[in-house]
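> So the protein lines, in turn, are chains A and B.
Just so we're on the same page, the numbering used here is the position in the first sequence counted from 1, plus 1.
Just so we're on the same page, the numbering used here is the position in the second sequence counted from 1, plus 1.
Hints are supplied without guarantee of correctness; some may be wrong.
The list treats identical chains as one, so a pair stands whether inside a single copy or across any two.
[As the list claims (entries may be wrong)] No farther apart than 25 Å at their CA atoms in a straight line, the calculated lysine to aspartate or glutamate pairs in the DMTMM-like style are these:
#1 Lys182 <-> Asp450
#2 Lys436 <-> Asp259
#3 Lys436 <-> Asp588
#4 Lys649 <-> Asp288
#5 Lys338 <-> Asp97
#6 Lys396 <-> Asp40
#7 Lys436 <-> Asp527
#8 Lys338 <-> Asp151
#9 Lys436 <-> Glu210
#10 Lys413 <-> Asp21
#11 Lys182 <-> Glu33
#12 Lys413 <-> Asp74
#13 Lys413 <-> Glu104
#14 Lys148 <-> Asp327
#15 Lys649 <-> Asp284
#16 Lys148 <-> Asp115
#17 Lys182 <-> Asp21
#18 Lys436 <-> Asp401
#19 Lys396 <-> Asp450
#20 Lys396 <-> Glu170
#21 Lys520 <-> Glu210
#22 Lys182 <-> Asp40
Everything labelled a hint here was simulated from the structure, so no lab data went into it.
Number of protein chains: 2
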Amino acid sequence: MTGPAERRRVVIGGVGPEIDGGRFAIKRIAGEGVHVEADVFTDGHDRLRCVLRHRPESSPEWTEVEMRSLGNDRWAGGFAAGATGRHRYGIVAWIDPFGAWAERLAARLAAGQDPGSELLVGQRMVSDAAGRASGADAATLRECARKIADPVGGPGLAASEDLTRLMREYDDRTGTSIYEKELPLVVDRERARFSAWYEMFPRSAGQPERHGTLADVVTRLPLIARMGFDVLYLPPIHPIGDAHRRGPNNTGTPSASDVGSPWAIGASTGGHDAVHPRLGTIDDLRDLVAAAARAGIDVALDLAFQCSPDHPYVREHPEWFRHRPDGTIQNAENPPKRYLDIYPFDFDTEDRRGLWGELLRVVRFWIAQGIRVFRVDNPHTKPFAFWEWLIGEVKTREPDVIFLSEAFTRPKVMYHLAKLGFTQSYTYFAWRNTKAEIVAYFTELAQTDVRDHFRANLWPNTPDILTEQLQYGGRAAFIARLTLAATLGASYGIYGPAFELGESRAVRHGSEEYLDSEKYQIRAWDWDERAGIRDIVTRLNHIRREHPALQGDRSLRFHHTDSDMIVAYSKRDAERGDTVLVVVNLDPHHTQAGFVDLALADLGLGTGDSFQVHDLLSGGRYLWRGSRNYVELDPRTLPAHVFAVRRKVRTERDFDYYE
Amino acid sequence: MTGPAERRRVVIGGVGPEIDGGRFAIKRIAGEGVHVEADVFTDGHDRLRCVLRHRPESSPEWTEVEMRSLGNDRWAGGFAAGATGRHRYGIVAWIDPFGAWAERLAARLAAGQDPGSELLVGQRMVSDAAGRASGADAATLRECARKIADPVGGPGLAASEDLTRLMREYDDRTGTSIYEKELPLVVDRERARFSAWYEMFPRSAGQPERHGTLADVVTRLPLIARMGFDVLYLPPIHPIGDAHRRGPNNTGTPSASDVGSPWAIGASTGGHDAVHPRLGTIDDLRDLVAAAARAGIDVALDLAFQCSPDHPYVREHPEWFRHRPDGTIQNAENPPKRYLDIYPFDFDTEDRRGLWGELLRVVRFWIAQGIRVFRVDNPHTKPFAFWEWLIGEVKTREPDVIFLSEAFTRPKVMYHLAKLGFTQSYTYFAWRNTKAEIVAYFTELAQTDVRDHFRANLWPNTPDILTEQLQYGGRAAFIARLTLAATLGASYGIYGPAFELGESRAVRHGSEEYLDSEKYQIRAWDWDERAGIRDIVTRLNHIRREHPALQGDRSLRFHHTDSDMIVAYSKRDAERGDTVLVVVNLDPHHTQAGFVDLALADLGLGTGDSFQVHDLLSGGRYLWRGSRNYVELDPRTLPAHVFAVRRKVRTERDFDYYE
């Protein structure tokens, strides 16, 4: 009777997930579930229908999924994320007069009232629906319209499944309310969510006393693959500047043979699109990428958008740098410190188009060499708008590219970078050591809105971070931190040999810098497969691959323990029936014991269930029942349990087994 | 160097208060504080300035308030709400290079570095600022620019308060980020937040056996004013239909003398803009409004937008009602129930302009008679868009008009109506009886975002609601529920004589309907001032007026007690140093005793403070110290303490008194 606008009486709000009012995309991997909820209601007592719809951004065609009422005007629906790339989802809802009419009719009949006048109302609705249908459906609806006014047969027809289905299909949607936002969804490939990173300096990949090469890295691939890593991250592989080169242990007085920091990018032999001559050639990189691919490994390069004073850009594009009033180029600085070997770009340069375009060209250059993963150095010191633009440009063409944000900065800045498009992000994991810190931080990451845009990548160490835990905790601390990283995080990484071999010497007391850091010199590592804790690294990566529960973070739940030194948590893949329970002794020096109070429902267990916990690290198996169970962990043997949880099932032949 | 758009590097988000992304207004009364917080940050390490700004909606001129950093990239600022009407507030932020420069310079000087080059950078900034200034300020800045490059005098000048102030005033704001939303704020008069409502049926205001009149209501005003009420709410005063008139106790067989329900509006003598002839005339209403105003009382009328079959609209505008296929007008119904005495409007009528316009005319008609407060009957059964439009139209001209929403419906619908513009809202208070219910519900109302748009008005009873608590709890239940309503809610109301006189008889067991309900018949009440619990009502209203702490709801805090039957909470007006602590025994049958664990900080007390709690109901005074204190409440005397909390202060002459 009135125009559709006036009839849009349904209110849709409180939609989740929704990042900053739809300004930013939620993230999923292909095939992953997208569960959407909303408050949907109208004035009066009308019945509603509510539909979740989604489409690839490139298509105008929506796919619709009926939402279900959860009560209290909350509705829910879900769909599996489609192909990699950008998608949209939204909600539409409208008033369902036929559903309300059928309910009303039933109430009248139950009260023994004459349905006559109601049947006429229904007849009009069915007849209108026939007008919207075509073919056989239209004919069926026309026939129903004829029959439904009959006081004897009408009520039965009104309640029939066939008519209900047809009336839903040919519903009058002219008054449909459309949620004002088409919310963005970015779908990545699986490695965006589940990945094990291995960082190594290629120049240390060779034999002792020789500058390693990319070809040497190829010879290390079998070991890295057997350990179970699937991303091999190399610090910058570009020519290194001579000007103000840093010496070993970051001294300012290098000798002629010192190799400098790989982050001081650019020399006469080239800049961001060149390979350091002593590492090899572009072809060597292609060979490495191909060999890694055969081993199921992505090679990740470092995007460090800064220059040494010797970088070709400095000569060719002085306008891309900031100048002091005296005409000199502004160094990187953190007053009173100055970093004389680094010139930051001036992203606000008048030649913004030129600089930004060149950096995009650099990224695309490496993509053309087969690189699909980038670790981005210090993204928080470049404009937010730059990253949103760059990542957007890249992923429009290549949606499978992964960007890891190296921003150990303020929480809101870290989250904002993730929102702008970074696929994964370093976290504060390295500095979350106590039980209270771990529980609070990972509950925030896995159980709040953060989980929809921020994918954590947990690093117990990096070339910049040798935590005090690792400096003073010995082998137990390495294993405990490794176990936490690999099981709290579906994505995690280690700065390789230094970690596996237990390198724990800091440059000085109170510093987190490594002594003889590879950032400034070549290190000769023991590449023997059995050295250090490589067996435990291997076992953990194997467990991660075998257990889908560990391949995502959203199911993370902490369980109460009565010791501040023992943290317990579980992850569960309900669909595949996989549950992993991890218990870690955070004290690297003493045996700790106590009771774990399991939230059984989070483990897929009922109150009375017996179950087996099978320690995938030690091989031990324990039979538990009920929520309260005893654990004891001696750091001298293993500071952690990684349990597969198996419910006991009694077979028909009265023979027990564990699922 | 680049355009301002590219330089807008500051991100502003996480703004609160903000209702549904700025779609709806927050509410304050004139002079009330508006505290705003936001996440504000940029890339890199730049310093920011952040400003909260506000303006009346009718003015383009912003007033600015500098925000302060709370740490972790959170900023805060505040202002006092202006005159009644609609306002806007927003946030702007920009990078503060001079502030960063001054910090950098100080760091260099502290490290003994040569400031030379830095001073030149500063000189350029000061010189640029001089270009933006005029008059004496420009001259001063020009002089500073000359002097600041001097290695001896420059550093001192850079740190000087005068230069800092001038540089802030003439800051370069070309790269300012403006928060994308100008958030709406509705400012109401004080009664919107703090009001005590008294509901009575004017036809019961006279002598027994006689139909009361509006003139009789005038004779009741002194009592109502002395009891301390400031809103007198009258159910519909319009002519009542004859068709299908309901008899006493909602029977369908009225006698000729039965008066019918005031909500069956409209008869041959007129409709929504007429006064029932037996109540009097429009002039009588004007007289009542004037007399009430002299007593400091607003008269509130009922907006019940529905018609009896005898309403003039039914004849003159049949198109404003919904018709059945058989041509009859659709009654109100809740199948299988039909309400034959009521026709709802069809707000979707083709003549929407005519119907909506007429209802606005009705409201404006009563405003022209001096009415400034409306209680709106069942707003949730009319379109949301109608209310937003109607209230918006009314308040544009008359911003001091108050609308109370009578929607005892689903929580999200109640909240949505408040967002659409209702000034106050009935709540679920009547059905929140246990301690757990009370704590959960009022924490939600006072401590979540709800508090910015939903102003609760608490009614222990209404003509529709005689709760089981009141049916079975006796005098103690009446006093306890009254105390809860009057102190949990800055606004509350009672359905008058029935409450004060302890009317507790339901029409039948299990029903919340009054026996011999005034909805269907005249009642003869005892108007004697000392009858029932009028003295306690009077005392509570007096306490509310004396204690600013009770005049708002945002400060409400619950305190732990070790009894499930004892609820304790406080309100505080920190500015005026007023604190009230309320302790209620929820059990009307037994004495309850236990310890209250006070959160002393919420009472404005320190851990070691001694304090006096002065029971404003009984007059008793108790000397307490520390957080844990004993209470005992006998429902046969008084089931509640309403304590003024007074901190003990030791004077210089070693003489104690209580603040």
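> State the violated hints by number, sorted upward, taking the hints as numbered earlier in the document.
Violated: hints 2, 4, 6, 7, 9, 15, 18 and 20.
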